[in-house]
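**Q** Here's the letter readout for the chains.
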Amino acid sequence: MPGDPLTDVLSQQVLADLQEAVGVDWVFSDPHRLLVYEADAQTAHTRPPQAVALPATTHEASALAKALHRHGVPMIPRGAGTGLSGGAVALQGGVVVGTSRMTRILEVDPGNRRALVQSGVLNSDLNAAAAPHGLYYAPDPSSQSACTIGGNVAENSGGPHCLKYGVTSRYITGLRVVLPDGDVTWLGGQGRETGSFDLVGLFVGSEGCFGLATEVEVALLPLPEAARTLLAIFETVEDAGRAVTAIISRGLLPAALEIVDRNTIRAVEASIFAAGYPTDAGAALVVEFDGVEAGLEPHAEEAARCCLDAGAREVRRARSDEERMALWKGRKKAFGAMGRLAPDLLVQDATVPRTRLPEVLARISEIAQRFDLQVANVFHAGDGNLHPNLVFDRRDPDETRRVEQASAEIMTACVEAGGTITGEHGVGVDKRKYMHLVFSPAELEVLRGVKKAFDPQGLCNPGKVLPDAPEAS
Amino acid sequence: MTGSLRSLLEEMVSPGTLLREGEGAEWAADGAAPAAILAPSSEEEIGRLLERASLEGWKVLPAGYGRWPAGGGPVEVDLVISTRRLRGMEHYEPADLTFTAGGGISLSSLAQATEAQGQWLPLDPPGGYEGSLGAAVATGVGGPLRQWYGPPRDHVLGLTVVSGDGRVLRWGGRVVKNVAGFDVTRLCIGSWGALGIITSVSARLFPLPEVDATVVLEGADATSLLPQARAMALSSLPLAAVELLDPLGWGETGSGGPAALVLRLLGSRDEVDAMEARVRRELRGQDTLRRLGDEESRAFHQRLGLWEEGAELVLRLAALPTLLGDVVGLVEEWQAALEGLSTRGEPQVSMAAHVGAGILRVALSGISSSDGSFQGWTDPVLGLRGAMEGMGGSLTVSSGPATLVREVGTWGSGGREVALLRALKNQFDPQGILVPGRVVR
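Heads up: the protein sequence lines correspond to chains Z and F, in order.
In this text, residue positions in the first sequence follow the working numbering: the first is 1, and each later residue adds one.
In this text, residue positions in the second sequence follow the working numbering: the first is 1, and each later residue adds one.
Among the hints, a few may not be true.
Unchecked claim - If the Cβ cut is set under 10 Å, some of the chain F residues that face chain Z in the computed set are:
1) MET12
2) GLY72
3) PRO94
4) SER163
5) VAL179
6) TRP192
7) SER268
8) THR396
9) ALA419
10) ALA423
11) LEU424
12) GLN427
13) GLY437
14) VAL440
Stated by the list, open to error - With the Cβ distance kept under 8 Å, some of the chain F side facing chain Z (calculated, not the full set):
15) VAL184
16) GLU407
17) TRP411
18) VAL418
19) LEU420
20) PRO436
21) VAL439
Hints are computed from structural coordinates only; laboratory data are not their basis.
Heads up, the beta-carbon is just placed ideally off N, CA and C, and yes, glycines get one too.
Hey, can you work out the whole structure from these sequences and the hints?
**A** Laid out in C-alpha cells, this is it:
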C-alpha cells in the first residue's frame, strides 16, 4: 500500500524499499528526527516530511527515486536547508532526499579550470579545494560557509560579486541528474558543448522541481591578483544610490557595490559583530574592485571621487586583507545582527533596475511606515537586488498580518518599477502567490508544461514555484 | 500550392511584409525555395502568422538576415519569417548597463547605439556584425571573446519569444538577477528556432574598454604554438580572447603561411600596457611577438568574425581544453587520410581554436568533386565525430552542403536528453511546424 501524503503514514513496504536503496541507517521516520527537516531558513512554512533518506551516491539516489516513483510518493530534494523561500519543505507530504552524505570533491582539474563535485559539497569547501591551484568558484552567497553547491544550483544563487561575475548559472557546465523516475542522465559536462538546447541552464534555478542533481561540474576562475576595497559613509541612502549610479556611469565595473542602511548599521553596531560603521550615518556603501594590480588604484580613486561628489562624509580605504575584511564585516554580518531587532525576521528579496533604486527605496520606506513596521535594508546595489527585511514577532497575529500585506505591496512596487519578485532566494512556496505579477496565464501554462517534461507524474518537489493551475471550467 | 499560399498570406499580412518572389534566394534549401518569405513589422503579426501556420501545418524557418543560412542543418519549410523589421532599440538606460532591442537589430547597429554611451555587448559570433541579435541568441554560439566574457548565455537577461502556435511569451526581464520561475530564457538560447521566434532581447552591457589591443605570436603551425597558447589561456591575466589560427591568413591568402597565437587585450591604457608587459615576460624569447594598434586590432577582429565565410564545410569540435593538442592531432591525421578522396583541386583546411574553451573550428574548402557533389565525405565526418565522442567531446557541423549535413546530422547523438528535448519542444510548438527535424529529429 503506497504512503498516503494526507495521513502522514508511510507503509512499512515503502520504508523497506527506501532502506533497500540507501541502507537501513540512512532512512528515518522518527518524528523527533524529522523535526529538523520541517523548515528551511525561511521558517514561515513548516511541515515535517514523512521520512528522510540520505543517499551517498548517484546510484543510491537513483534507486531511491525509483522506489519513491513506484510508490507514488513525492521526493523533496534538499541541500543544507539554508534556503529562504521554503523550497525544501514537504508541504504536500513525501520524503526529503538530503545530499548531506554526498560531500566528495571528485576532481579539481586546474588544466581545464573545472571541478567535479557531489552536490552536497559546501560552497566554501569547494573554494578551499580550488585555492591551492590559484582558482576559485565565483558565486558567493552570504551563506557560503553553510550552503551546498547542489542548493546553489537549485536556487541559481547570487551573492555580492554578481555585478562583475554573474550568477551561478554562468559557472555550471554539467550536471549529473537523477530524474524523477529514477533515470540518471548527464546534462552537458566534459566540455561537451553541443550547441543545442541548454538543458543545464534550464535545470539551474529549477528549485528541485526537475529532479536531484547528484554531481555538478563547475567552471573555476583564476583568483584575482589584487583587490581594492572602499567604504563610503553617507547621510542618506539616496546619496549612496546616486554614488552607485555615478560609478557605473563613469564606465567603472566594480566587483561589488553593496549598501546597508541606517537600521542595519545600528543593528550591526549594537551586536557582537560591530564593525565600526558610524551609527548616525544614513547608509554605508562598500565598493570593491579586483583584477590586474595596474588598473586598480585609478579605479578606486575615481570611485572615491564619485562617492565624495555624491555627498559622502568620509571614504575609508582598505590597505591590507585584514582591513578589507573589516570594511566588509558590517555587510556580511548584517543578517546575523538583525536577530537582535525582534524574534522574527522576514528576509525579503526582489530586484529592480539599478537606476530605479532611490525611488523604490523611498516607496518601501513609505510602505513600512504605513503598516507601522521597521524595515532594515541590505542590498546588492550594483545589480539592483534588494533585501528589505521586515522585523516582527510571529506571536503577534496583527503584526504578522501587516508584514504579509507590506510584503505584497513591496513586491508590486518592485515589479512596477521594471523589476521582479526574487533575485536570488527563489520562489519556493513563499512567492507562488506573486508569480502572476511577472507571468501571464499563457506563460505560467508553459512553465507547467516544462515541469511536466521532466516530471510527468508531478512527484518531484510538488507545490513549489508554480501557482496551482486554474480549475478547468 | 505556392501560388495559393502566397495569395492567402497576402490577405493576412500588412503591406510590405510579404517579400516579392525571387527575393531571399539565400534561404533556398536543396534548390527548393520556400513558398514565401515574410518580414512582419510586429510581434503580433508574427503571432497571427504562426497561429495560422500551426492550424494549416505550414512549416516555418525563423530567420534574421540570412547570415546562418545553413546553420542548424537544412530544413524544408514553406515559410521563412524574418525579424529584420523588428530592429528598434526598445529600451536603453545606460546607467543600468542593460538594454532591450528588437530581435532583428543587427549587431553593428546595436554597437553603434551603445558605443555612443561608452558601452558594448561583447559578443562576436561567427557570421560577423551584420547578423541579427536574435540569431546570435538563437544559435547561442560564442566567438573568441568567450574567453573572458562567455558565450551568449552569459549575457542575455530576457527574451520575448513567439511560440510555434503564435503565443507571445516574455521570459526573464531586464535585471541582472532574476530567479522567478524556471529559466526558459536559457532554454531558448541555442534553440535554433525550434521553440519560437525571438522578437526582442534584453541583455547586459559592459563599459567600452579604452584600449583594444591585439598581440600576435607567429609560429610554424598550431601544434608548435600550442604550449604558449595553453599557458596564455590559463594565465591569471584577464585576456579577452586567446585564439590559435592555422594558418593566420585565411580566405584571401589561402592555405600555407604561418600559424599564429592571437591575444586580445582590453581595458584602460594602464591595464593593457601591464598585461602586454606580462605577456611578453611569460612568452619570453618569442621575438616574433607584435602588437597591433587599436584600429588594426578592430579590423582584424572584424575579419576574424567572418572566418567561416566561403568555406564549403565548417566543423566545430569541442572537448576539454587540455585535449586541444589531441584534437589538433586528430584533425591533422584525418586530413592526411582525406587525400584519397576525389576533389576538384587541392582541399584547403584552416583551423581556428578558442583555446580556453577547448573548441576547434575546422573550415574546409575545395572539397567538392568535379561534378560538384560531395561524395565520400559522409564516412570521414562520421569517423571524426566518433573519435571526438570517444574522448568525451563532440562534433557539430556548423555549415556544409545540405546532402552531407542531412546524412551526418548537425549534432551528434543524445541519450535520454532527446526525449526531454522533444517533450520541451512540444510545449512551445505543439504542431511541430518550426524547423522540423532540427535539434529534435
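**Q** Each hint: holds or not?
**A** Tested hints:
no. : hint   : in the structure
1   : MET12  : violated, 22 Å
2   : GLY72  : holds, 8 Å
3   : PRO94  : holds, 7 Å
4   : SER163 : holds, 7 Å
5   : VAL179 : holds, 5 Å
6   : TRP192 : holds, 7 Å
7   : SER268 : holds, 5 Å
8   : THR396 : holds, 5 Å
9   : ALA419 : holds, 9 Å
10  : ALA423 : holds, 4 Å
11  : LEU424 : holds, 5 Å
12  : GLN427 : holds, 4 Å
13  : GLY437 : violated, 13 Å
14  : VAL440 : holds, 9 Å
15  : VAL184 : holds, 7 Å
16  : GLU407 : violated, 18 Å
17  : TRP411 : holds, 6 Å
18  : VAL418 : violated, 10 Å
19  : LEU420 : holds, 6 Å
20  : PRO436 : violated, 15 Å
21  : VAL439 : holds, 5 Å
Violation of the numbered hints given earlier is confined to hints 1, 13, 16, 18, 20; the remaining hints are satisfied by the structure.
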